[in-house]
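Line by line, the protein sequences give chains H, F, X and V. If you use the working numbering, the first sequence closes out at 342, no skipped numbers anywhere. If you use the working numbering, the second sequence closes out at 342, no skipped numbers anywhere. If you use the working numbering, the third sequence closes out at 342, no skipped numbers anywhere. If you use the working numbering, the fourth sequence closes out at 342, no skipped numbers anywhere.
Keep in mind that the hints were calculated from the coordinates and are not lab data. Owing to the predicted nature of the structure, the values given are computational and were not obtained by experimental measurement. Ideal Cβ positions, reconstructed from N, Cα and C, are used throughout, including at glycine. Heads up, some of the hints might be wrong.
[Said to hold, decoys possible] If the Cβ cut is set under 7 Å, some of the chain X residues that face chain V in the computed set are:
#1 Leu58
#2 Gly95
#3 Pro136
#4 Gln193
#5 Asn233
#6 Ala315
Number of protein chains: 4
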Amino acid sequence: MVVVMQAGAGEERIQTVIDRLVSMGFDVHRSTGATHTILGAVGVRPDFDPRDVELLEGVREVVRITQPYKLASRAFRPEGTVVELGKGVRMGGVEVVVAAGPCAVESEEQIHGIAGRVAKLGARLLRGGAFKPRSSPYSFQGLGEPGLKFLREAADKNGLLVVSEVMDPSQVALLTSYVDVLQVGARNMQNYHLLRALGEVRKPVLLKRGMSATIEELLLSAEYIMSGGNYDVILCERGIRTFETYTRNTLDIAAIPVLQKLSHLPIVADPSHGTGRRDKVAPMARAAVAAGADGLLIEVHHDPDHALSDGAQSLYPDQFAQLMAELRIIAPAVGRRMA
Amino acid sequence: MVVVMQAGAGEERIQTVIDRLVSMGFDVHRSTGATHTILGAVGVRPDFDPRDVELLEGVREVVRITQPYKLASRAFRPEGTVVELGKGVRMGGVEVVVAAGPCAVESEEQIHGIAGRVAKLGARLLRGGAFKPRSSPYSFQGLGEPGLKFLREAADKNGLLVVSEVMDPSQVALLTSYVDVLQVGARNMQNYHLLRALGEVRKPVLLKRGMSATIEELLLSAEYIMSGGNYDVILCERGIRTFETYTRNTLDIAAIPVLQKLSHLPIVADPSHGTGRRDKVAPMARAAVAAGADGLLIEVHHDPDHALSDGAQSLYPDQFAQLMAELRIIAPAVGRRMA
Amino acid sequence: MVVVMQAGAGEERIQTVIDRLVSMGFDVHRSTGATHTILGAVGVRPDFDPRDVELLEGVREVVRITQPYKLASRAFRPEGTVVELGKGVRMGGVEVVVAAGPCAVESEEQIHGIAGRVAKLGARLLRGGAFKPRSSPYSFQGLGEPGLKFLREAADKNGLLVVSEVMDPSQVALLTSYVDVLQVGARNMQNYHLLRALGEVRKPVLLKRGMSATIEELLLSAEYIMSGGNYDVILCERGIRTFETYTRNTLDIAAIPVLQKLSHLPIVADPSHGTGRRDKVAPMARAAVAAGADGLLIEVHHDPDHALSDGAQSLYPDQFAQLMAELRIIAPAVGRRMA
Amino acid sequence: MVVVMQAGAGEERIQTVIDRLVSMGFDVHRSTGATHTILGAVGVRPDFDPRDVELLEGVREVVRITQPYKLASRAFRPEGTVVELGKGVRMGGVEVVVAAGPCAVESEEQIHGIAGRVAKLGARLLRGGAFKPRSSPYSFQGLGEPGLKFLREAADKNGLLVVSEVMDPSQVALLTSYVDVLQVGARNMQNYHLLRALGEVRKPVLLKRGMSATIEELLLSAEYIMSGGNYDVILCERGIRTFETYTRNTLDIAAIPVLQKLSHLPIVADPSHGTGRRDKVAPMARAAVAAGADGLLIEVHHDPDHALSDGAQSLYPDQFAQLMAELRIIAPAVGRRMA
């Protein structure tokens, strides 16, 4: 930590700040300049709040140097992490991995139909919610465990893996028994009870960025899971909330290369939630792959007009086919390939 | 719902949209203008997604008319709600109710000391966290149940009520047995499992606005709790995330009068989290009362320099005394009074 | 315009609103539903402020139907606009047009050196500022007219066109005599005096989206220029301001397909200003082309480490060469090609 | 400037960075810690871009220590600035100064009527636009010079001063001859040609914060004016753009105490533009005064229902009277008084 004193801060004040830092357990190195005195404080505790020093008399600015996350940082594994999802599918390798499927599992028939289509078109995972976080208490809340069963069977029948959302610590055991990847939704990115519970399972977790979460906060949430011993975390950019309301969210494509520099974890994009409108999904999916994403989450529905949730952002199977064809052209530009 | 067709949309397209709306269960009233045709669709289901119509060919815009929340809307109780907190303290009445105390309960001694001070200065509730949602897994996470016990005893000894945060459905029973008001933190505003669990208790809930939640989303979360039968919800503005980073959040003072118009529920402000800096707490607390807030949540610590969390935004007891004196001048300007 | 009355609004209030609308010059069609009455008001003036009706007693919501822009809307030219820049270069056609060059013209030698490099690599336009809008009054403000002269000569020598920024109405004549495309910076997007002056010239204008401008506001600013008779407007997405500060701005890639739907004008992206960091420029340039952009603005400097402004976001010539090679792979995925 | 090297950055890299800093003109002080080396660089030029160092190999973070503004900083005049507006009215003194009037001057009769009312109720300045920055080219653009004349006469007749907006450098001379305070609108906060022109006049300038401007950027724009020799700058908070759309903007009340700490310049609030809705103006005006604002800009119209612009956010004279009465109660809480 670097503590910058105000211009002309008197000797007494400087000494008080040094004493305070020492009492907090820091080693302090002083550097006296022409106008400013700078204090280097070594040995910061992970739970230290820089504002405690910032508000001391005579202090102009405090700069934290060590990142608050460690396990999630690129320095922890400079070569990058490849997460094995099962059946030889690897997230973070040369293949751009696509998860496709409906927003919610609606019926056995629906999910089998869609699974068959997306498997043929190159998807590796089947996505679909059995428990739905809905902002209105009056909306369809998902089929629950039967939905998970349909999802698993449809995936197995078509050689796919399963990713589905877990909403509460009480659901972790159930989900773990059905899915290959546990998804944490944007609204739960800072549900620390859930994150801690996921640190104890030994299945990959796909962690979505919260709508108002900074990149650093996303990495801190990954750190929660990893600090429990589960290192198979996949990050997901799904759009942030900004003043622009034409699209549901603003898909922060730049977060993809930023996260790849800061962290060793794989990063996927969800253009369906990121835009909320079917006609914007393909352009943003292409953009994400062109920017270097390791994978995609795409909502596909055999009959979006009658979907029970988020039909408006689901692709028709034909649109998904067209998108996959376009991605096959783009992926080599970034040294990747599609299935 | 009003469906506006594109200028010059042909008869066939209009008919297709009408048929679709009828098949969705709407009664449709058509109004044909010179350039635009407008369709009024009556009988919207609460889980209807307007985007499903918006994407139909020939549709220009869809406007939902009924609000997605009912129990939380002002129309449900035009006269406003006064929540009885216990011991005759009423939130939403003529008195501006102040909850004060440390960010976290740190020890029996600490909480007793602070409780004694704030009670004398006019606080009605003692606030303090026993379970702390911390963005870093390495930070102090609270004392747990012993913290609740200290909090209850300190409050009782000083004639105060207790408000404390509940983070997970599994904690609801425990919290309910110790506190008078259950607080839902900003990060949990859309934790629907928790909201549903709180709908079943019969204690007031203080619901904080999420950092990126719109006013409508806050009311939808209140609706979740109320739809379970618990109508004693208190809304709390605690700052939203914007591009301005000088303050930790941007306290959206205008949300106070806006919520008072849209909803019958009482609304309090939390200037401590809303600014994150001690020297900005008093100005914002005064602003909130001047704008019509029904109450305040203020962090006060007997020794902020050694607080285990959020010391930087905690007032010294003397600053709290000064603030209460200022609020006594301001409250009459809006027809209110302080304790 | 559609005016939705509150549920249960009495006959008298409805009549008052109707009378008011008629006095404002509207034709009013009334549609009485079970709970809500809806009024269709035809004949809105372009300068009408919907809030004037919204605040009337008994009104629940007002929905403007006609877009506030006309000339800039897709309906005005459904087939799309191709802007002829000169020398056969066309923005909005099948070729993705790249403008490259330094942030600021620094010297004759510098601009000639860069022009030679980027021309060989496939750029069609040379970019470079002669007048620089700098947020600090103490920063380098540009070479002025001599800079324009160097820019023109360097472009001509290398078969390039010139795009450069105009900051004030008083500079329009000067710029027009030197450049092929007049650029309006983000900070001037709502400088209406400047927009009006540009409506009177007969050269293409590249209009950058303001940092906090909605897509609709960008189109309204284009409308200002077009209403003066200059229809050759090129829109530019260059990043919006959000809470995320890791990148300088958040490049709103989704704005590209959105604008292509709402407007007939070509749209380019500026990943250099959009990210502010050299290592993020190439990923975002690829993303923009993959999303369908008609062109790119890329800062390239022969010696970014000694650039007088924005060196940190300028590509080295070798990085630009690499990027162009990648774009040649991507463009066919969206039916386009690079020069 | 403090340059923090990456953990484990080798000696060679550190030396390269030091050499580079020296070649940039800095004096460098090195401080070698257990894991990190920190370089203090003294003598930063005002136009220095920290990103140039940030991108060097081995550098982890660069922290600018000196603020980029000097004349606008509190350190420049620790005792604060009181701007003399004329007729003994002083902005920044003990009196909270109110400017009131219509959005736009519409006619001689209108402005005289309003001036008479607001003068009696305690306003000190008459506000009103003669040149209107309108986002649509089809909206009312103001009366021009005749509007200024009406404004001046109406003010003089009622013992008021005049504040009105200047939109372009070409209007500065004209405005200066009619008004007492020159207003710079939010859209022009970074119109540097205009700011520079205003640095040369010797009349107070009221500088509005841009919709997406940080507090630091507002102070940099003030610095532009002051660096030209005009020190009489009044800052104005008028709302920032956030994701919340219920109010037109989010009035950042916390900016008031923040600016008072960072700068010596007076700060006023504009709750009319800050909320865009008449019924929210009074609560936010009260909040601004309670937070310590030196003044207010309030839109008042004798007949808002027929106002040519922004009627929806204009108070009726009776509402303004009521507001002034409330402010008289609040002001003493912050050691101020109303006229």
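* To do: Please name the hints from earlier in the document that this structure breaks, with their numbers sorted from lowest to highest.
  => 2 and 5
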